[in-house]
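Based on the provided sequences and hints, a complete structural model is requested.
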Amino acid sequence: KQEVTQIPAALSVPEGENLVLNCSFTDSAIYNLQWFRQDPGKGLTSLLLIQSSQREQTSGRLNASLDKSSGRSTLYIAASQPGDSATYLCAVRPYNQGGKLIFGQGTELSVKP
Amino acid sequence: DAGVTQSPTHLIKTRGQQVTLRCSPKSGHDTVSWYQQALGQGPQFIFQYYEEEERQRGNFPDRFSGHQFPNYSSELNVNALLLGDSALYLCASSQWDRQVYQPQHFGDGTRLSIL
Numbered sequence: 001k002q003e004v005t006q007i008p009a010a011l012s013v014p015e016g017e018n019l020v021l022n023c024s025f026t027d028s029a030i031y032n033l034q035w036f037r038q039d040p041g042k043g044l045t046s047l048l049l050i051q052s053s054q055r056e057q058t059s060g061r062l063n064a065s066l067d068k069s070s071g072r073s074t075l076y077i078a079a080s081q082p083g084d085s086a087t088y089l090c091a092v093r094p095y096n097q098g099g100k101l102i103f104g105q106g107t108e109l110s111v112k113p
Numbered sequence: 001d002a003g004v005t006q007s008p009t010h011l012i013k014t015r016g017q018q019v020t021l022r023c024s025p026k027s028g029h030d031t032v033s034w035y036q037q038a039l040g041q042g043p044q045f046i047f048q049y050y051e052e053e054e055r056q057r058g059n060f061p062d063r064f065s066g067h068q069f070p071n072y073s074s075e076l077n078v079n080a081l082l083l084g085d086s087a088l089y090l091c092a093s094s095q096w097d098r099q100v101y102q103p104q105h106f107g108d109g110t111r112l113s114i115l
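Chains as they are written, first to last, in this note's numbering: chain A, 1 to 113; chain B, 1 to 115.
These are calculated hints, taken from the structure and not from any lab test. In this text the structure is predicted, and so the values were computed from the model without any measurement. For every residue, glycine included, the Cβ atom is placed at its ideal position computed from N, Cα and C. If a hint is listed, it holds; no wrong ones were tucked in.
Simulated crosslink set (SDA-like; lysine to any residue; CA at most 20 angstroms straight-line):
hint, chain 1, residue 1, chain 2, residue 2
1, B, K26, A, S46
2, A, K42, B, R111
3, A, K42, B, A87
4, B, K26, B, E52
5, B, K26, A, R37
6, A, K42, B, R22
7, B, K13, A, G41
8, A, K42, B, T5
9, A, K42, B, D85
Over the 12 angstroms line for every Cβ pair with chain B, so calculated as not near, a few chain A residues:
hint, residue
10, L11
11, T74
12, P82
Given below as structure tokens:
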């Protein structure tokens with residue numbers, strides 16, 4: 001059974017710091033992994049999608065990596081800003097389960113001015 | 001180009017009642033998935049609809065049912081509401097024949113509170 005874990009559950013950093021969020025999954029049979037941002041009480045905004053054949057994806061100050069064999073992904077945020085404060089969720093799309101996503105519990109990030 | 005839209009945004013019900021939530025997919029998408037997100041948790045997959053049929057279902061009781069219309073919009077129905085059904089209900093849409101390789105797009109959700 002696929003399980004997705006995100007550590008830490010919460011993180012507080014000063015503005016300008018570079019930071020890394022971690023995501024691990026137990027079964028490497030996945031099509032891809034997706035990172036999302038969620039503001040309080042809101043829906044999910046897709047940040048990055050990494051296909052299983054890829055090692056990393058970049059968008060602006062965000063860089064996501066994927067090591068499928070070890071079941072790990074990281075989301076690197078450069079030069080953090082208070083506007084980056086949100087909950088970050090990772091989700092995997094397992095083989096043979098259609099479009100179903102399995103999510104971690106998220107990391108709540110707070111960037112202090 | 002409108003994204004995924006959900007209604008209502010917030011709903012308050014009492015135990016035992018029934019509720020219907022609605023979702024319109026992003027333009028060009030034909031597949032709708034529903035997720036339940038309890039406070040402080042990641043979303044949990046409820047089910048997915050394509051061509052007006054339930055194609056896949058997560059570990060949710062039969063009290064949770066759905067429907068998809070010819071215009072691809074969808075409804076989620078929950079009967080005999082329990083306090084534990086209080087959650088944010090998220091709808092996601094995709095294209096059936098490309099969904100495993102494309103990012104999933106979500107709506108802003110419906111916040112359901114059970115008193």
